[in-house]
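Protein chains in written order, with our numbering: chain A, 1 to 142; chain B, 1 to 142; chain C, 1 to 86; chain D, 1 to 86.
Among the clues, some could well be false.
No farther apart than 20 Å at their CA atoms in a straight line, the calculated lysine to aspartate or glutamate pairs in the EDC-like style are these [stated by the list, open to error]:
{"#": "1", "chain 1": "D", "residue 1": "K2", "chain 2": "D", "residue 2": "E21"}
{"#": "2", "chain 1": "A", "residue 1": "K56", "chain 2": "D", "residue 2": "E21"}
{"#": "3", "chain 1": "A", "residue 1": "K131", "chain 2": "A", "residue 2": "E119"}
{"#": "4", "chain 1": "B", "residue 1": "K21", "chain 2": "A", "residue 2": "E139"}
{"#": "5", "chain 1": "B", "residue 1": "K56", "chain 2": "B", "residue 2": "D134"}
{"#": "6", "chain 1": "A", "residue 1": "K21", "chain 2": "B", "residue 2": "D134"}
{"#": "7", "chain 1": "A", "residue 1": "K21", "chain 2": "B", "residue 2": "D83"}
{"#": "8", "chain 1": "A", "residue 1": "K21", "chain 2": "A", "residue 2": "D11"}
{"#": "9", "chain 1": "C", "residue 1": "K53", "chain 2": "B", "residue 2": "E129"}
{"#": "10", "chain 1": "C", "residue 1": "K2", "chain 2": "C", "residue 2": "D75"}
According to the in silico footprint, chain B covers these stretches of chain C (three or more CB under 8 Å from chain B) [unchecked claim]:
{"#": "11", "stretch": "3-12"}
{"#": "12", "stretch": "58-71"}
{"#": "13", "stretch": "78-86"}
No lab work stands behind these hints: they were computed from the structure.
Glycine residues also receive a C-beta, built at the ideal position from the N, C-alpha and C atoms.
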Amino acid sequence: MKVAVQREDFDLGAEVQDLSKQSQSIGAVASFVGLVREVPMTLEHYPGMTERAIAKIVAEAKGRWQVMDCTVIHRYGALKPNDRIVLVAVASAHRGDAFAACEFIMDYLKTRAPFWKKEQVAAGARWVEAKAADDQAAERWQ
Amino acid sequence: MKVAVQREDFDLGAEVQDLSKQSQSIGAVASFVGLVREVPMTLEHYPGMTERAIAKIVAEAKGRWQVMDCTVIHRYGALKPNDRIVLVAVASAHRGDAFAACEFIMDYLKTRAPFWKKEQVAAGARWVEAKAADDQAAERWQ
Amino acid sequence: MKNVRILYFASVRENIGKDAEEIELPAGVATVAALRSHLRSRGGAYESAFAEKALLRAAVNQDMVQPAAAIKAGDEVAFFPPVTGG
Amino acid sequence: MKNVRILYFASVRENIGKDAEEIELPAGVATVAALRSHLRSRGGAYESAFAEKALLRAAVNQDMVQPAAAIKAGDEVAFFPPVTGG
Numbered sequence: 001m002k003v004a005v006q007r008e009d010f011d012l013g014a015e016v017q018d019l020s021k022q023s024q025s026i027g028a029v030a031s032f033v034g035l036v037r038e039v040p041m042t043l044e045h046y047p048g049m050t051e052r053a054i055a056k057i058v059a060e061a062k063g064r065w066q067v068m069d070c071t072v073i074h075r076y077g078a079l080k081p082n083d084r085i086v087l088v089a090v091a092s093a094h095r096g097d098a099f100a101a102c103e104f105i106m107d108y109l110k111t112r113a114p115f116w117k118k119e120q121v122a123a124g125a126r127w128v129e130a131k132a133a134d135d136q137a138a139e140r141w142q
Numbered sequence: 001m002k003v004a005v006q007r008e009d010f011d012l013g014a015e016v017q018d019l020s021k022q023s024q025s026i027g028a029v030a031s032f033v034g035l036v037r038e039v040p041m042t043l044e045h046y047p048g049m050t051e052r053a054i055a056k057i058v059a060e061a062k063g064r065w066q067v068m069d070c071t072v073i074h075r076y077g078a079l080k081p082n083d084r085i086v087l088v089a090v091a092s093a094h095r096g097d098a099f100a101a102c103e104f105i106m107d108y109l110k111t112r113a114p115f116w117k118k119e120q121v122a123a124g125a126r127w128v129e130a131k132a133a134d135d136q137a138a139e140r141w142q
Numbered sequence: 001m002k003n004v005r006i007l008y009f010a011s012v013r014e015n016i017g018k019d020a021e022e023i024e025l026p027a028g029v030a031t032v033a034a035l036r037s038h039l040r041s042r043g044g045a046y047e048s049a050f051a052e053k054a055l056l057r058a059a060v061n062q063d064m065v066q067p068a069a070a071i072k073a074g075d076e077v078a079f080f081p082p083v084t085g086g
Numbered sequence: 001m002k003n004v005r006i007l008y009f010a011s012v013r014e015n016i017g018k019d020a021e022e023i024e025l026p027a028g029v030a031t032v033a034a035l036r037s038h039l040r041s042r043g044g045a046y047e048s049a050f051a052e053k054a055l056l057r058a059a060v061n062q063d064m065v066q067p068a069a070a071i072k073a074g075d076e077v078a079f080f081p082p083v084t085g086g
């Protein structure tokens, strides 16, 4: 398992390649990349807790699905439109487990990992408000 | 939309990068890579129909979810353990659409695209049998 | 000319030993199911490849179809086992 | 010593103008909710940042917790708005 919280960009191809070659039993890698839409932003986080929260989410996913390995990378700092924000990649024997665990981790990240987005809109900077849709997405796994 | 049926390997990072930069409205790219497990195999396909079947599956996904762009690449020919077989990548404004459309396309590919796997096991070559689980995975979208 | 072009894939292709042929549609053969019965009636490798119990799929002009689907002169008809890609 | 270390993030940090402080736990303050009330009672920027209607989340020792969660000397307590990463 790899969890990284970093300013730097990441390389999806290289990360998934690293996951894929762990074992010849891996038949499926589902991955997700979140990107900045339209507006420049700064991402603040809670160092220490962030890694801990992500590790807990990943552990919960491993308890629910057959996950052979997974990688979660979340960036912080200043990001511009089209920049990558987050990567979740899950390797499994079969695609059903890989898809479910990947989506679960993203939904939980959205509601449980301590990151905050501040958007730079024309009128100035403003903190993004949490979405009810994200709470609902996380709740459906309970 | 990009659909390719090819002998050659593909580059997940480059393909997702191409998708991601189509528009600043893209906030989510869900992708899936299927890999050969354990046993060398040869993939046969029905040239012409394959591309047509995949295009129909993608069109159906676009009718069901908000899909901004997508890429499907499926290999044929001789493949060895750990080789990439298939890539499905879906770009959308939001992650729910990207995940659902990506998993839908994979499930339909498994039951509707004319590919056949022949595995090279110790006892000789044998055609892989279709799995009831794949039919069930496809049926749940109906 | 009432010819159809027939394609065979995977185990079907291997069992009958050819990947394609062109045949004249016999009178009364107007559906995929009827064509399958006709091929079975040839006996030999065809009899087992197209046996009633053989799990087969068919496509007409590159669209997957049900056994009741109509076929007509000029069509491309394909027979193959359930697909296993992805 | 009955100190707790308190961290503030995002809009909470901006509103009160600091990212951390160490305070001595007042007598009777044994839960996150009680600490929140205590901070609100300081008035000024704290009063609005910790207002009853303010949608806040809290973590104790880097685990997200409910308002009824216990706090004790030596804990690291954090207050922040609902998260918006991913």
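Hint check results:
Annotation: proposed proximity of D:K2 to D:E21 holds, straight-line Cα distance about 14 Å (limit 20 Å). Annotation: proposed proximity of A:K56 to D:E21 is violated, straight-line Cα distance about 27 Å (limit 20 Å). Using a Cα cut-off of 20 Å, the hinted pair A:K131 and A:E119 holds, with the two alpha carbons roughly 15 Å apart. Proximity of B:K21 to A:E139 is assessed by CA-CA distance (about 32 Å); at most 20 Å being required, the pair is judged violated.
Between the alpha carbons of B:K56 and B:D134 the distance comes to roughly 18 Å, so the proposed pair stays at or under 20 Å and holds. Among the hinted pairs, A:K21 with B:D134 is inconsistent with the structure: their alpha-carbon atoms are about 25 Å apart, more than 20 Å. Under the criterion of a C-alpha separation no larger than 20 Å, the hint pairing A:K21 with B:D83 is consistent with the structure, at around 9 Å. Between A:K21 and A:D11 the alpha-carbon distance is near 16 Å, which keeps this suggested pair within the 20 Å criterion.
Distance check on the hinted pair: C:K53 and B:E129 sit about 15 Å apart at the alpha-carbon level, within 20 Å; holds. With a C-alpha separation of about 10 Å, the suggested pairing of C:K2 with C:D75 holds against the 20 Å cut-off. With 4 residues having a Cβ less than 8 Å from any Cβ of chain B, the stretch 3-12 of chain C passes the three-residue criterion, so the hint holds. A count of 4 residues in the stretch 58-71 of chain C with a Cβ less than 8 Å from any Cβ of chain B is obtained; the coverage claim is therefore met, three being the minimum.
For the stretch 78-86 of chain C, the assignment as covered by chain B holds, since 8 residues bring a beta-carbon within under 8 Å of that chain's beta-carbons and 3 suffice.
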